[in-house]
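Trainee: Make the full structure from the sequences, and use the hints.
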Amino acid sequence: MDSIQLQIPSLTENIRIIESFIDNAREKFSLNDDIYGNIMIAVTESVNNAILHGNKKDKGKNVNIQLQLEENMIKFQVADEGKGFDYENLDDPTSPENLDKPGGRGIFLMKNLCDEVVFKEDGKIVELTFYLS
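Read in our numbering, the sequence shown has 94 at position 84, and its numbers run on one by one without any break.
In case anyone wonders, no lab produced these hints; they're calculated from the structure.
On a predicted model such as this, the values are computed, not experimentally measured, just so you know.
Some hints here could point you the wrong way.
Stated by the list, open to error - Straight-line distance between alpha carbons at most 30 Å, and here's what the computed BS3-like set of lysine-lysine pairs gives:
no., residue 1, residue 2
1, Lys93, Lys130
2, Lys93, Lys67
3, Lys93, Lys38
4, Lys111, Lys93
5, Lys93, Lys71
6, Lys121, Lys38
7, Lys69, Lys121
8, Lys121, Lys66
9, Lys134, Lys69
10, Lys66, Lys85
11, Lys38, Lys130
12, Lys134, Lys93
13, Lys121, Lys67
14, Lys38, Lys85
15, Lys66, Lys134
16, Lys71, Lys111
17, Lys66, Lys111
18, Lys111, Lys69
19, Lys134, Lys111
20, Lys71, Lys85
21, Lys93, Lys121
22, Lys121, Lys85
23, Lys130, Lys66
24, Lys111, Lys38
25, Lys130, Lys111
26, Lys121, Lys111
27, Lys85, Lys134
28, Lys130, Lys67
29, Lys71, Lys130
30, Lys38, Lys134
31, Lys130, Lys69
32, Lys134, Lys67
33, Lys130, Lys85
34, Lys69, Lys93
35, Lys111, Lys67
36, Lys93, Lys66
37, Lys67, Lys85
38, Lys69, Lys85
Mentor: And the structure:
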């Protein structure tokens, strides 16, 4: 099993570091375009949530990203240093009253792009799993 870790301060401009991290993973593990696109959107969205909502843009707090490659899947774990959140009771971004809201689509996107999304430690950690075959 391959495992790579990365830690970034909670600054939105650090999203580009995550994009490079995913580009490197694409090359190293020969990821196909579909899975690469899904990973890029879901993981950057997750890191963005960790920076904005988890760590409240506190650059003194970090976001930790871990990539694990197993036989037929790639898993990303994104962890922040915030208080967590109630991931069981999120508004449905597709319901009419929420369509015009600027936020609230990140987790919906993640759940639609990943094969598995698991929250741990009260939502401070999210695991995004993508099957490769």
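Trainee: With reference to the structure, classify each hint as holding or not holding.
Mentor: Okay, the hints, checked on the actual structure:
1. Lys93 to Lys130: 12 Å, holds
2. Lys93 to Lys67: This hinted pair holds, its Cα atoms lying about 13 Å apart.
3. Lys93 to Lys38: This hinted pair is violated, its Cα atoms lying about 34 Å apart.
4. Lys111 to Lys93: 24 Å, holds
5. Lys93 to Lys71: Holds. Lys93 to Lys71 sits at ~12 Å (cutoff 30 Å).
6. Lys121 to Lys38: 25 Å, holds
7. Lys69 to Lys121: Judged against 30 Å, a Cα distance of about 28 Å means the pair holds.
8. Lys121 to Lys66: The given pair, whose Cα atoms are some 23 Å apart, holds under the 30 Å limit.
9. Lys134 to Lys69: With Cα atoms ~17 Å apart, Lys134 and Lys69 stay inside 30 Å; holds.
10. Lys66 to Lys85: Satisfied, since the Cα-Cα distance of roughly 25 Å is no more than 30 Å.
11. Lys38 to Lys130: With Cα atoms ~28 Å apart, Lys38 and Lys130 stay inside 30 Å; holds.
12. Lys134 to Lys93: 7 Å, holds
13. Lys121 to Lys67: 24 Å, holds
14. Lys38 to Lys85: 15 Å, holds
15. Lys66 to Lys134: 12 Å, holds
16. Lys71 to Lys111: With Cα atoms ~28 Å apart, Lys71 and Lys111 stay inside 30 Å; holds.
17. Lys66 to Lys111: 20 Å, holds
18. Lys111 to Lys69: Holds, because 27 Å separates the two Cα atoms, which is no more than 30 Å.
19. Lys134 to Lys111: Between Lys134 and Lys111 the Cα gap is close to 24 Å, so the pair holds against 30 Å.
20. Lys71 to Lys85: Distance ~23 Å between Lys71 and Lys85 Cα, so the pair holds.
21. Lys93 to Lys121: 22 Å, holds
22. Lys121 to Lys85: 14 Å, holds
23. Lys130 to Lys66: 19 Å, holds
24. Lys111 to Lys38: Between Lys111 and Lys38 the Cα gap is close to 38 Å, so the pair fails against 30 Å, i.e. violated.
25. Lys130 to Lys111: 26 Å, holds
26. Lys121 to Lys111: Holds, at about 19 Å.
27. Lys85 to Lys134: With Cα atoms ~16 Å apart, Lys85 and Lys134 stay inside 30 Å; holds.
28. Lys130 to Lys67: Holds, at about 21 Å.
29. Lys71 to Lys130: 18 Å, holds
30. Lys38 to Lys134: OK: Lys38 and Lys134 at ~28 Å, within 30 Å.
31. Lys130 to Lys69: 23 Å, holds
32. Lys134 to Lys67: Roughly 15 Å separates the two Cα atoms, so the pair holds.
33. Lys130 to Lys85: Holds, at roughly 14 Å.
34. Lys69 to Lys93: 16 Å, holds
35. Lys111 to Lys67: 21 Å, holds
36. Lys93 to Lys66: 10 Å, holds
37. Lys67 to Lys85: 25 Å, holds
38. Lys69 to Lys85: Distance ~26 Å between Lys69 and Lys85 Cα, so the pair holds.
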